[in-house]
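Number of protein chains: 2
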Amino acid sequence: MTALSAAALIAIDWGTTSFRAWALDAQGQVLRSTSGDQGILSVRDGDFEASLEQALTRLDDRTIAIQVPLIAAGMITSRNGWVETPYLPLPLDAAALAGALSPHQTSRGRRIHFVTGASSDMDGDFPDVMRGEETEVIGQVASDQAGQRQTAGQRLFVLPGTHSKWVRVTAGKITAFQTCMTGEAFAVLRDHSILGRLMDAGAQTGADPGAAFERGLAAGRGEGALMARAFSARSLALAGSLAPGEIADYLSGLLIGDEIRAGLAQGMGLAGGADQAVTIIGRGDLAERYARAFAAFGIAAAIAPQGMNRRGLFEIATKAGLIG
Amino acid sequence: MTALSAAALIAIDWGTTSFRAWALDAQGQVLRSTSGDQGILSVRDGDFEASLEQALTRLDDRTIAIQVPLIAAGMITSRNGWVETPYLPLPLDAAALAGALSPHQTSRGRRIHFVTGASSDMDGDFPDVMRGEETEVIGQVASDQAGQRQTAGQRLFVLPGTHSKWVRVTAGKITAFQTCMTGEAFAVLRDHSILGRLMDAGAQTGADPGAAFERGLAAGRGEGALMARAFSARSLALAGSLAPGEIADYLSGLLIGDEIRAGLAQGMGLAGGADQAVTIIGRGDLAERYARAFAAFGIAAAIAPQGMNRRGLFEIATKAGLIG
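Going down the list, the protein sequences come from chains C and G. Just so we're aligned, residue 562 is where the first sequence starts under my numbering, counting upward by one. Just so we're aligned, residue 562 is where the second sequence starts under my numbering, counting upward by one.
In short, the hints are calculated from the structure, not lab data. The C-beta atom is built at its ideal place from N, Cα and C for all residues, glycine as well. Don't take each hint at face value.
[As the list claims (entries may be wrong)] What follows is a set of in silico ranges between Cβ atoms, one per label pair, in the way DEER data are often shown: (1) Gly801/G / His753/C: 26 to 34 angstroms; (2) Ala861/G / Asp686/C: 40 to 48 angstroms; (3) Gly708/C / Arg640/G: 57 to 65 angstroms.
[As the list claims (entries may be wrong)] Some chain G residues judged to face chain C by a derived CB distance under 7 angstroms, without partners named: (4) Asp621; (5) Met683; (6) Met742; (7) His753; (8) Ser796; (9) Leu799; (10) Gln827.
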């Protein structure tokens, strides 16, 4: 356990349905990590501390020393989380998030620092909020700065998911973001609308979504109300032009295509910027789908290396002077 | 029962969840009517004939004479209905539908004539289908012709509902139509997505949707991906700008607003036509909402008198020579 006695920080990404924690050394290197499904929705009786202690046990055969600071980001700071924290308005960077940490002492005497979420345009017609994604973007920005990559000008990050986020970074600060319910819309239309009825019962969206996804993308780029175009996921099947096993991929392409079409039309981070590339923060099949979709729009999209949430947590902790 | 001995036609509107039937005289006047929830989904063991006979009993204390012709339209001709009939391609009018009737003799010897649905662009990227709505529009056109109203040029009919239909009529023929899943999208987002979570548990969309509906309409007219704008139904509530009891009306306005924005942008029936008005075929609160929404776009929308499905069925039966 010599290595773990060197732990300088416990970084925690605590979401609605997932939990990840890392023991980091003073340089941010991972000593040990743990992950599980103990998202905030599955914490019993609101006993977040017990859930945390149980996870810390998995990080070490003994226990993590009581004086090692902890930092946590994600939905853990939402109304249904451990400590609800107010959103931080834009623009913001690692230093701003460090300055807005909410410290909390557990009954065992551990000191946990909560990273709050970000808000945008709260007095406007389209206010927006996020909790957790800001930390992933901050991690990516820190990673780029450490790698001495170009960080001036505008950058666009896209974080696919149930609620995908488009995040614009200008000169190292998050200056705008927008939520699009693409993943959730896909799920509810597939599971609860007429569009799911003709789908193969066992049909899953595959690793290579193929031609049906591309067709959906083309439909997503088209004109017309989204809910008129979405009906084509049924009518094409009725017309015999789409097979039951293709409907889900088609619908996925249509919704992602509409998200990207509209996002680009609004110029989220791309309008006039020197950097015309998009960075996707995500993994697996969904990140690949978004990369393919951006390519269909003629835009190069790179998928960021994994671990940006951990990188962001370390960066914020460093800025807050928690380490060493 | 003297009056009913004069029945010249039994007209039936047989949908997925509803059933209406009218005994009509040779001039199309209603002698008696019945309605119920015996839509095709609730017909037991596929025994449509038993369901029909039971309804006919309600039309008369005795039975409707076996030789009185019947005509039926709606989802009864779909795959899950009584007799599946092929869609009729556009353009079409009452005479075309009359020429495409599918006659069926029941085991008791009744002759029932099924009106088939319409299809559009079946080889294209956005094929579309409807069953039942074509008959309502035909009824409206016949009513206008009988009233010697202007029927030349283009007309636009909008039929709000689970799957709303926009139907363009040119010189008395249906020349284009489009389905928009507005009603279904509203229901699945309210009942199954995060947007429903902050709604009042008992909150219903009211008879006077009021200011929240108007705000939703404005958001529906805006830029951006629909699923990005839809998230504002949550974020405005988080920002304290929308009350829990207002979220459903706001979301309703947003989806209807997007439908109308996109429909008008595509010029469905309005582009360059002499007649710049829209006729809404529907009833109650939903028809009123659409009328208010069109007004917000600066377009006069009249709600058609009730009974257009019956009127259409009579018109088609007349053209088919079933009467007298």
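Hint check results:
The hinted range of 26 to 34 angstroms is satisfied by glycine 801/G and histidine 753/C, whose Cβ atoms lie roughly 29 angstroms apart. At about 27 angstroms, the beta-carbon gap between alanine 861/G and aspartate 686/C misses the expected band of 40 to 48 angstroms. With their beta carbons about 58 angstroms apart, glycine 708/C and arginine 640/G fall inside the hinted range of 57 to 65 angstroms. Hint status for aspartate 621/G: violated, given a least beta-carbon distance of 36 angstroms to chain C, over 7 angstroms.
The interface hint given for methionine 683/G holds, since its Cβ lies 5 angstroms from the closest Cβ of chain C, which is under the 7 angstroms cut-off. Contact between methionine 742/G and chain C, as hinted, is supported at the beta carbon level, the nearest pair being about 4 angstroms apart and thus within 7 angstroms. Interface restraint check for histidine 753/G: the shortest CB-CB distance to chain C comes to about 5 angstroms, inside 7 angstroms, so the restraint holds. The closest approach between the C-beta of serine 796/G and any C-beta of chain C is roughly 5 angstroms, which is under the 7 angstroms cut-off, so the hint is satisfied.
Below 7 angstroms, beta-carbon pairs count as interface contacts, and leucine 799/G has one with chain C at about 6 angstroms; its hint therefore holds. Hint on glutamine 827/G holds. Least Cβ distance to chain C is approximately 6 angstroms, under the 7 angstroms limit.
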